[in-house]
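Visitor: My request is simple: use the sequences and hints to build the entire structure.
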Amino acid sequence: MKTKKLIDRIRAIFDEDLRNNRQLQQSLNEVLEKLRLKEKKIRAELEHEPNAGRRETLQLKIDLVHSQRKKGIALLKAAHTDAGERKPKTGNQ
Amino acid sequence: MLRKSLLPSIFALLAYGFWLSPDFKAISAGVAIFLFGMLALEEGFRAFSGGVLESVLKRSTDRLWKSLGFGFLATTLMQSSSLVSVISISFMSAGLLGLSEGIGIIFGANLGTTTGAWLVAGFGLKVKLSAYAMPMLVFGVILLFQKASNLKGIGYVLVGLGFLFLGIHYMKEGFDAFKDSFDLAAYAVPGYKGLFLYAAIGILATVVMQSSHATLVLIITALASGQISYENALALAIGANIGTTITAIIGAMGANAQGRRLAGAHLFFNVTTGVVAIALISPLVLAVDGISGWLGIADDNYTLKLAVFHTLFNLLGVALMLPLIKQMARLLNRLIKDTVVDIDKPQYIVASAVQFPDTAVEAVRQETNRVYNHGRDIIIRGLGMSKAQVFAETDLEKPLNAQNKIVRVDIDDLYRRRIKGLFSAIIAFISEAAFTWKEQQSGTLHWMRDANTSIVEAVKSCKHLQKNMLRYLVSDNYHIRREYNQLRIRVALLLRRLEQIRSELPEERSLLGLDEIRLGLLEWNQKQSLRYYQLIREGHITPEMGSSLINDSGYVADIHSNLLAMAATLFTDKERNRSAVERSLSLDDAELNEILGAAEQARRVL
Numbered sequence: 041m042k043t044k045k046l047i048d049r050i051r052a053i054f055d056e057d058l059r060n061n062r063q064l065q066q067s068l069n070e071v072l073e074k075l076r077l078k079e080k081k082i083r084a085e086l087e088h089e090p091n092a093g094r095r096e097t098l099q100l101k102i103d104l105v106h107s108q109r110k111k112g113i114a115l116l117k118a119a120h121t122d123a124g125e126r127k128p129k130t131g132n133q
Numbered sequence: 188m189l190r191k192s193l194l195p196s197i198f199a200l201l202a203y204g205f206w207l208s209p210d211f212k213a214i215s216a217g218v219a220i221f222l223f224g225m226l227a228l229e230e231g232f233r234a235f236s237g238g239v240l241e242s243v244l245k246r247s248t249d250r251l252w253k254s255l256g257f258g259f260l261a262t263t264l265m266q267s268s269s270l271v272s273v274i275s276i277s278f279m280s281a282g283l284l285g286l287s288e289g290i291g292i293i294f295g296a297n298l299g300t301t302t303g304a305w306l307v308a309g310f311g312l313k314v315k316l317s318a319y320a321m322p323m324l325v326f327g328v329i330l331l332f333q334k335a336s337n338l339k340g341i342g343y344v345l346v347g348l349g350f351l352f353l354g355i356h357y358m359k360e361g362f363d364a365f366k367d368s369f370d371l372a373a374y375a376v377p378g379y380k381g382l383f384l385y386a387a388i389g390i391l392a393t394v395v396m397q398s399s400h401a402t403l404v405l406i407i408t409a410l411a412s413g414q415i416s417y418e419n420a421l422a423l424a425i426g427a428n429i430g431t432t433i434t435a436i437i438g439a440m441g442a443n444a445q446g447r448r449l450a451g452a453h454l455f456f457n458v459t460t461g462v463v464a465i466a467l468i469s470p471l472v473l474a475v476d477g478i479s480g481w482l483g484i485a486d487d488n489y490t491l492k493l494a495v496f497h498t499l500f501n502l503l504g505v506a507l508m509l510p511l512i513k514q515m516a517r518l519l520n521r522l523i524k525d526t527v528v529d530i531d532k533p534q535y536i537v538a539s540a541v542q543f544p545d546t547a548v549e550a551v552r553q554e555t556n557r558v559y560n561h562g563r564d565i566i567i568r569g570l571g572m573s574k575a576q577v578f579a580e581t582d583l584e585k586p587l588n589a590q591n592k593i594v595r596v597d598i599d600d601l602y603r604r605r606i607k608g609l610f611s612a613i614i615a616f617i618s619e620a621a622f623t624w625k626e627q628q629s630g631t632l633h634w635m636r637d638a639n640t641s642i643v644e645a646v647k648s649c650k651h652l653q654k655n656m657l658r659y660l661v662s663d664n665y666h667i668r669r670e671y672n673q674l675r676i677r678v679a680l681l682l683r684r685l686e687q688i689r690s691e692l693p694e695e696r697s698l699l700g701l702d703e704i705r706l707g708l709l710e711w712n713q714k715q716s717l718r719y720y721q722l723i724r725e726g727h728i729t730p731e732m733g734s735s736l737i738n739d740s741g742y743v744a745d746i747h748s749n750l751l752a753m754a755a756t757l758f759t760d761k762e763r764n765r766s767a768v769e770r771s772l773s774l775d776d777a778e779l780n781e782i783l784g785a786a787e788q789a790r791r792v793l
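Chains A and B, in that order, are what the protein sequence lines are.
Here my numbering is used: the first residue of the first sequence is 41, the next is one more, and so on.
Here my numbering is used: the first residue of the second sequence is 188, the next is one more, and so on.
Just so you know, these hints were derived from the structure itself, not from any lab.
Each residue gets a CB set at the ideal place from its N, CA and C atoms; glycine is no exception.
Please note: incorrect hints may appear among the correct ones.
Said to hold, decoys possible - Partner residues are not named here, just some residues of chain B that face chain A (Cβ under 8 Å, in silico): (1) ASP702; (2) GLU703; (3) ILE704; (4) GLU769; (5) SER771; (6) GLU778; (7) ALA785; (8) ALA786; (9) GLN788.
Guide: See the structure below:
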């Protein structure tokens with residue numbers, strides 16, 4: 041284990057705020073991953089949907105999940121900043 | 188079986204009685220009109236509750252001497268203790284008066300009724316209440332048609348009093364046939380036996396004539412013509428005092444437990460006073476002689492002496508019973524129980540759970556689930572649907588459109604029996620627990636409390652929605668019928684969707700999925716408003732129908748938003764961190780509208 045990582049872990053044991061921040065980041069990552077998979081699934085459905093009305097509904101669902109993800113990523117960035125860490129990768133946008 | 192056959196049997200018996208005797212018909216009609224008057228009177232007083240009447244009553248009955256004075260004054264003015272007791276019963280049934288205050292008024296009314304004896308003995312005056320009935324009914328009915336609730340309330344009070352008087356009048360008319368058979372001299376018996384016998388005759392005569400004043404007139408006439416002895420006349424007056432409680436007893440038949448307790452107090456007071464007066468008849472006669480001599484009443488002026496006796500024994504009764512008011516109220520509360528209504532009680536929350544935060548949160552969650560189940564069932568029944576229809580995986584439109592008869596259920600009553608008790612218990616439990624715990628569990632309980640409030644709000648919105656919906660669902664106008672059906676289908680689909688979410692595995696549930704339903708609702712709302720305007724424009728529905736639809740679609744939106752807020756707490760994962768994160772990612776109305784706006788723009792570009 042690298043020294044920096046070790047120091048971080050020890051810090052987290054004694055710092056409650058940091059511990060909470062880590063928990064928040066973990067939960068956000070889990071929820072964001074679920075949302076990413078959900079969006080992917082609806083997009084796949086949309087590709088094979090011939091009905092125009094149904095396509096419109098699916099597109100609306102994609103927009104909704106996408107907005108939720110955007111909100112989540114913004115929160116995750118803020119949590120990282122709070123913890124004084126590097127910005128997270130946002131490639132899954 | 189017995190219950191089912193009871194009503195037809197009563198009807199058959201009454202019909203046979205009516206066929207047999209026209210007098211019985213008049214008496215029964217009198218009782219029915221009288222009871223109807225009681226209901227109208229209660230309705231009238233209810234219109235004033237929550238304001239002036241309560242504060243006036245409170246101020247005039249907050250001390251024992253005040254309630255005594257109130258009863259005395261009211262009876263002196265109305266010259267009818269029966270009427271004052273009946274009005275007090277209706278006050279109590281409307282929740283405007285407590286039992287102790289009511290008993291004070293009854294005691295006062297018993298003193299007030301003695302002024303009648305003085306009037307009858309001194310001037311031969313008899314106030315005829317029935318003469319006021321007709322004008323009261325006319326004025327009352329005119330006031331009933333007014334829009335202002337105060338005027339309507341006065342109308343109900345006047346109509347109530349009018350019917351009370353009319354009822355008494357019919358009862359008297361019916362009993363007139365029996366009146367002549369009272370030959371008071373025929374039962375002359377010496378000693379205590381005679382006293383009890385004449386007291387019984389006094390009771391009977393007053394029950395028959397529905398007025399202790401009328402009995403007093405009869406007694407005075409018999410006494411003056413030497414038909415009865417002075418002692419027997421006194422016993423008759425005692426009997427009349429007991430018999431006068433019959434009006435209150437009839438009045439209590441239509442009242443709730445509080446009203447019945449007051450009638451019980453009236454009977455208890457008058458019977459006890461009567462028994463004591465009979466037991467102490469000799470000292471009382473001596474006292475009457477002494478007081479009469481002091482007042483300058485001639486020895487042979489038995490009519491005025493009767494008035495002195497009447498006042499004296501009622502005073503004696505009040506003096507005896509005053510210190511026992513609290514015990515009397517306790518006894519009556521024990522003897523006459525409140526009608527037991529089938530009310531749901533909490534199953535999971537127990538006092539000891541407050542000590543264990545996680546257990547308590549789970550208990551509140553379970554109890555809230557029950558509140559939701561009841562709320563959901565009330566909404567389904569309130570909108571004329573059945574659980575089988577809503578939760579079947581079939582098309583809702585067809586069976587609901589085909590429905591041509593809708594049974595109205597009393598949402599208020601269902602709320603009171605199924606939800607209120609649970610809701611109150613949850614609120615009480617949460618308030619106690621929130622003080623003792625750490626922030627984390629208290630936070631969950633705060634959400635739970637809000638979830639309960641949301642369910643109650645949804646049920647209230649359903650109650651408002653029910654009013655127009657039941658009317659328009661059976662309308663001849665196809666368009667309005669269809670639109671209202673769409674409104675309830677919208678509610679049914681939400682309930683169906685919530686049930687699906689509920690049946691998912693806890694870890695699969697996500698409150699972010701609820702945003703989808705909210706987005707759908709917003710889109711539907713926008714489309715509906717445009718549809719309603721179009722229907723009005725094309726003359727398919729009247730503007731009044733349109734405004735009802737717009738209001739009622741607002742209630743549907745309220746049901747949605749409240750049930751979704753509830754689901755966000757109750758149906759989501761119990762894991763706190765994830766719930767908190769999902770809550771923070773959930774979109775608000777402005778963000779959802781932004782999505783809809785963007786979709787609309789994209790549609791236009793295409």
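Visitor: Each hint needs a verdict: does it hold in this structure or not?
Guide: Checked hints:
| no. | hint | verdict |
| --- | --- | --- |
| 1 | ASP702 | holds (6 Å) |
| 2 | GLU703 | holds (6 Å) |
| 3 | ILE704 | violated (11 Å) |
| 4 | GLU769 | holds (6 Å) |
| 5 | SER771 | holds (6 Å) |
| 6 | GLU778 | holds (6 Å) |
| 7 | ALA785 | holds (7 Å) |
| 8 | ALA786 | holds (6 Å) |
| 9 | GLN788 | violated (12 Å) |
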